[in-house]
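Novice: Using the sequences plus the hints, can you model the full thing?
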Amino acid sequence: MTIEPAVMPAAMPAAMKVRGVSKTYRDGSRTVKALEGADVDIPDGNFVSIVGPSACGKSTLLNLFCGLDKPDSGSIEAPVLGNGDLLGRIGYMPQQDTLMPWRNVTDNVTVGLECLGCGREDARRRAREHMDRFGLSGFELSYPGQLSGGMRQRVAMLRTFLCGRRINLLDEPFGKLDAITRASMQSWLLDYWQDNRCTIVFVTHDIDEALFLSDVVHLMCPRPGRITLSLEVDIPRPRKYEDVVTSAHFNGLKATLLQSLGRDG
Amino acid sequence: MKSGLWPPLLLGAGIIAAWEIYVRAAGIDPLLLPPPSAVARYLAENAQIMVSNGAATLTELLVGFFCGAIIGLSLGILMQAWRWFREAAYPWLVATQMVPIPAVAPILVLWFGFTIVPKAATVALMCFFPVAVNTVDGLSAVNPELIRLLRTFGAGPWRVTSMAALPSALPRIFSGLRVAMALSVVGAVVGEWVGSTHGLGYLMLHFENRGETAGLFATVAVLTVMGIILFFLVGWAENWALSWKRYAKETL
Numbered sequence: 001m002t003i004e005p006a007v008m009p010a011a012m013p014a015a016m017k018v019r020g021v022s023k024t025y026r027d028g029s030r031t032v033k034a035l036e037g038a039d040v041d042i043p044d045g046n047f048v049s050i051v052g053p054s055a056c057g058k059s060t061l062l063n064l065f066c067g068l069d070k071p072d073s074g075s076i077e078a079p080v081l082g083n084g085d086l087l088g089r090i091g092y093m094p095q096q097d098t099l100m101p102w103r104n105v106t107d108n109v110t111v112g113l114e115c116l117g118c119g120r121e122d123a124r125r126r127a128r129e130h131m132d133r134f135g136l137s138g139f140e141l142s143y144p145g146q147l148s149g150g151m152r153q154r155v156a157m158l159r160t161f162l163c164g165r166r167i168n169l170l171d172e173p174f175g176k177l178d179a180i181t182r183a184s185m186q187s188w189l190l191d192y193w194q195d196n197r198c199t200i201v202f203v204t205h206d207i208d209e210a211l212f213l214s215d216v217v218h219l220m221c222p223r224p225g226r227i228t229l230s231l232e233v234d235i236p237r238p239r240k241y242e243d244v245v246t247s248a249h250f251n252g253l254k255a256t257l258l259q260s261l262g263r264d265g
Numbered sequence: 266m267k268s269g270l271w272p273p274l275l276l277g278a279g280i281i282a283a284w285e286i287y288v289r290a291a292g293i294d295p296l297l298l299p300p301p302s303a304v305a306r307y308l309a310e311n312a313q314i315m316v317s318n319g320a321a322t323l324t325e326l327l328v329g330f331f332c333g334a335i336i337g338l339s340l341g342i343l344m345q346a347w348r349w350f351r352e353a354a355y356p357w358l359v360a361t362q363m364v365p366i367p368a369v370a371p372i373l374v375l376w377f378g379f380t381i382v383p384k385a386a387t388v389a390l391m392c393f394f395p396v397a398v399n400t401v402d403g404l405s406a407v408n409p410e411l412i413r414l415l416r417t418f419g420a421g422p423w424r425v426t427s428m429a430a431l432p433s434a435l436p437r438i439f440s441g442l443r444v445a446m447a448l449s450v451v452g453a454v455v456g457e458w459v460g461s462t463h464g465l466g467y468l469m470l471h472f473e474n475r476g477e478t479a480g481l482f483a484t485v486a487v488l489t490v491m492g493i494i495l496f497f498l499v500g501w502a503e504n505w506a507l508s509w510k511r512y513a514k515e516t517l
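Sequence order for the protein chains is E and H.
Read left to right, the first sequence gives residues 1 to 265 (the working numbering).
Read left to right, the second sequence gives residues 266 to 517 (the working numbering).
Note that these hints are calculated values from the structure, not bench results.
Don't take every hint at face value.
[Said to hold, decoys possible] Restraint-style ranges between C-beta atoms, simulated for each label pair:
no. : chain 1 : residue 1 : chain 2 : residue 2 : range
1   : H       : R348      : E       : R125      : 34 to 44 Å
2   : E       : L116      : H       : L276      : 50 to 60 Å
3   : E       : R120      : H       : E310      : 20 to 30 Å
4   : E       : W188      : H       : V490      : 52 to 62 Å
5   : H       : M363      : E       : S137      : 53 to 63 Å
6   : E       : E129      : H       : G419      : 18 to 28 Å
7   : E       : G252      : H       : G419      : 38 to 48 Å
Predicted, not measured: the structure shown is a model, and the values here were computed from it.
Ideal Cβ positions, reconstructed from N, Cα and C, are used throughout, including at glycine.
Specialist: Here you go:
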């Protein structure tokens, strides 16, 4: 089922509500219209993906979501969090893993909790409880430089999730991983999300990844960045990677997205 | 020092041996260039004087070094925190390094007398600058993405500095500290030349005036060994503080 434009029916309470958001920034001497009139609803507890080609404004939108930047016009609200500044209240996992090379795995994971005022020892104890689930057991005392790309991403993800935020934004978390590691991380993330229901906004340029993971896929087109299509992914959960990505229904949804990309992109 | 102490020690021994042979063979006046054996004899016979004066210089040097390091670090952090302060202060900090230390030192003696203060101040004056400059550079090299991440965790500027900027600046800060330590030996001696009653710098003047060249060489030798040990102590502290660097494949 496709709904145009991006506003979903108000059946579920919205975790985030974005209305008419525009953002222009200066890149040297030229001005770049990164977003123009973007409307999105993120239903509470949903896994929502934002897909689009490189430089279509996805990261700009995420920066607005987590309050790091302010829109030039329009509004961004998080009704489930109440009123107030979004900065510091929404989980965010940046594209780079941004691990601190001088801290070991445990102490990298606790960074978020420490910022929130949690004591070091208390934070470490809570981190250790999750090491196994995140496949980091035995690596608690390793330094980031000793880890593989997939493990580094899991450290960064645990750092974000450990803060227990109701809304979490993930910016191309698997973008730099090889295809096999990527598929296993996707399945792992879905399992984790199914057990710990929170709202996830997942940015990617990989259509397969977005469809496999999400309840809703929002398609973005560049210059200026805007949402051109919102697609509800009615594939039943729990989803198994090899079954889902080979199914006819999956390919039908994929065709819809690709056609829209070809038309607007 | 992977290959160990042997290469530098062997080279040093070779130079000393050549020096000894040259002085003896050419019949050089020991007042102009004493043979190493005479310097060694002088050191052995006057060990007491060397130790007590060396201790005085070491104290001045360490007090000055730590004061200079703390001042440099604080200035660096403040200059990084406030852009206006950096712009206002930077030319003046450079100016402090343009003033010749031998010209400043007598004024310090005039103000503080024949105490430890003018010597430590001279050392601090030379030390703070490399530390401040390297701190500013190191702090501004922190990954901006990491700062943004910490802000989404609700971190304020102080936490961003202590948690991300300072640790990532630490390698640069240690480079500054090593340069500062090398300068501080010169600073302490210059401070003593201008006005003191003890210390290795004082001892040098004393031997020079009395034409005791062997004593002068012995004092320089003590000062050199002290400086080298201090320099490598900073390097050792750096290795200890930055032990994680062994594992860092990429810089952040």
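Novice: Looking at the structure, which of the earlier hints fail to hold?
Specialist: The structure breaks only hint 3.
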